[in-house]
Amino acid sequence: MRVVLRWVARAGLAVWDFLVGDTPEVLVVTLAIVGITFALRAHNHAAVVVVPICGVLALTGVVWLGRARITSRRSRSEGH
Amino acid sequence: MILGATSPATTSLVGLLIAVFAASLVEMVEALTIVVAVGTTRGWRSALRGALAALAVLGVLVGGGGVALVDYTPIDTLRVVAGTILLLLGLSWLRKAILRSAGFIALHDEDAIFRSTVRSLTAEQEARRSAAQGFVVAFKGVFVEGMEVVLIVIGLGASQHRIGWAAAAAGAAALLVAGVGALVVRQLSEVPENLLKTVVGVMLTSFGIFWVGEGAGVRWPGSDATLVVLVAGFAVLTMVLIGITRRTRRSAPASRERDPVPT
Numbered sequence: 001m002r003v004v005l006r007w008v009a010r011a012g013l014a015v016w017d018f019l020v021g022d023t024p025e026v027l028v029v030t031l032a033i034v035g036i037t038f039a040l041r042a043h044n045h046a047a048v049v050v051v052p053i054c055g056v057l058a059l060t061g062v063v064w065l066g067r068a069r070i071t072s073r074r075s076r077s078e079g080h
Numbered sequence: 001m002i003l004g005a006t007s008p009a010t011t012s013l014v015g016l017l018i019a020v021f022a023a024s025l026v027e028m029v030e031a032l033t034i035v036v037a038v039g040t041t042r043g044w045r046s047a048l049r050g051a052l053a054a055l056a057v058l059g060v061l062v063g064g065g066g067v068a069l070v071d072y073t074p075i076d077t078l079r080v081v082a083g084t085i086l087l088l089l090g091l092s093w094l095r096k097a098i099l100r101s102a103g104f105i106a107l108h109d110e111d112a113i114f115r116s117t118v119r120s121l122t123a124e125q126e127a128r129r130s131a132a133q134g135f136v137v138a139f140k141g142v143f144v145e146g147m148e149v150v151l152i153v154i155g156l157g158a159s160q161h162r163i164g165w166a167a168a169a170a171g172a173a174a175l176l177v178a179g180v181g182a183l184v185v186r187q188l189s190e191v192p193e194n195l196l197k198t199v200v201g202v203m204l205t206s207f208g209i210f211w212v213g214e215g216a217g218v219r220w221p222g223s224d225a226t227l228v229v230l231v232a233g234f235a236v237l238t239m240v241l242i243g244i245t246r247r248t249r250r251s252a253p254a255s256r257e258r259d260p261v262p263t
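Sequence lines, in order, name chains A and B. Read in order, the letters of the first sequence correspond to residues 1 to 80 in the working numbering. Read in order, the letters of the second sequence correspond to residues 1 to 263 in the working numbering.
One or more hints might be untrue.
[Claimed, not checked] Here are some chain B residues the structure puts well away from chain A; computed CB gaps all over 10 Å: (1) L52; (2) L69; (3) D71; (4) Q133; (5) V136; (6) G179; (7) A225; (8) V228; (9) F234; (10) M239; (11) R249.
[Unchecked claim] Some chain B residues close to chain A (C-beta under 8 Å, calculated; not the full set): (12) S92; (13) A132; (14) V212; (15) G217.
No lab work stands behind these hints: they were computed from the structure. Ideal placement from N, C-alpha and C gives every residue a C-beta, glycine not left out.
Required output: the full structure, derived from the provided sequences and hints.
Okay, structure coming up:
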């Protein structure tokens, strides 16, 4: 039983690392888009406009965060 | 059931085939680099056995998992889950491809992967362990690279009830890479990987948004035609973001850093 649990935990960690890894912001914006889509499901006209715009904002946001993270990592390493 | 009953001449089927084929091409080139490195250092027998074993496990995952999902899961639930996974992968691939194009992350270098795999394998000199180690490295390389393809095949295939088409496109890409790679293995680094990754990222993100919407009950205007608009829109946005991030990098030049996680 303990072995099975250990394997399940390892598999869970591997899936987490595979899907999320070092960019949790991608998971956050993805879940936000799904949530917004469900929130707007009763308002079709709004949904067909807002959901793609959310995708645009999500991509822009994760690229901007990635850029900022790399830049700050560099300036920290150059500071040392 | 496997190939689906609907007409193949639809926008989403063409998109599905292109996205799966291109994604498989990218990942299989990376996997082949590792297999060739194992083959040249530890022998082709263990390398090919490891690669074939990984392909078999991946095939079982697609066959078992994918078909079971299609048969036993309500289509709307399937579309939301598959769309979420596609969106997650698409945004990750696009993010990385844009940062690579702008020079914030070093471009993927197949030659470097080949050299580092060979180096790590030649460091281990125990003849008794060499075959087993070669098998493990080849298996792991193909399995890890192939898992993303499995998710894309299941995600795109299941959401449209076309697992068979998606698996066939992935298989065709794997065969193409294996065939061409066997002849021109040292030229693998010339495959425009980042461009392919950008194209696939745009398609996965568009499919992801489309299927999440469909699954949630959103009625897209023009149905599948919305996919074309989404793909075009994200392609333009990607080019704009590459341009902007390139410009900001030029204004603050710094040393290039290596991509810590090869995908």
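Outcome of the hint check:
Remark: the non-interface label on B:L52 is consistent with the geometry, its nearest Cβ contact in chain A lying 22 Å away (cut-off 10 Å). With a closest Cβ-Cβ approach of about 16 Å to chain A, B:L69 is found to remain outside the 10 Å limit, as its non-interface label requires. For B:D71, the requirement that its beta carbon stay farther than 10 Å from each beta carbon of chain A is met, with the minimum near 23 Å. Listed as outside the interface, B:Q133 is consistent with that label: its C-beta sits roughly 21 Å from the nearest C-beta of chain A, beyond the 10 Å cut-off.
Residue-level check passed: B:V136 sits 16 Å from the nearest beta carbon of chain A, beyond 10 Å. Distance check for B:G179 against chain A: the nearest CB is about 28 Å away, which clears 10 Å, and the non-interface claim stands. For B:A225, the shortest C-beta to C-beta distance to chain A comes to about 12 Å, beyond the 10 Å cut-off, and the non-interface label holds. The beta carbon of B:V228 is kept farther than 10 Å from every beta carbon of chain A, the shortest such distance being approximately 13 Å.
With a least CB separation of 7 Å from chain A, B:F234 falls inside the 10 Å interface cut-off, contrary to its annotation. With a minimum CB-CB distance of about 12 Å to chain A, B:M239 clears the 10 Å threshold, and the non-interface call stands. Once the 10 Å rule is applied to beta carbons, B:R249 is inconsistent with being away from chain A; the minimum gap is 8 Å. A hinted interface residue such as B:S92 counts as satisfied when its beta carbon comes closer than 8 Å to some beta carbon of chain A; here the least separation is about 5 Å, so the hint holds.
Because the closest C-beta pair between B:A132 and chain A is about 21 Å apart, greater than 8 Å, the hint is violated. For B:V212, the interface hint holds, the least distance from its beta-carbon to any beta-carbon of chain A being 5 Å, beneath 8 Å. A hinted interface residue such as B:G217 counts as satisfied when its beta carbon comes closer than 8 Å to some beta carbon of chain A; here the least separation is about 5 Å, so the hint holds.
Of the numbered hints listed earlier, those contradicted by the structure are 9, 11 and 13.
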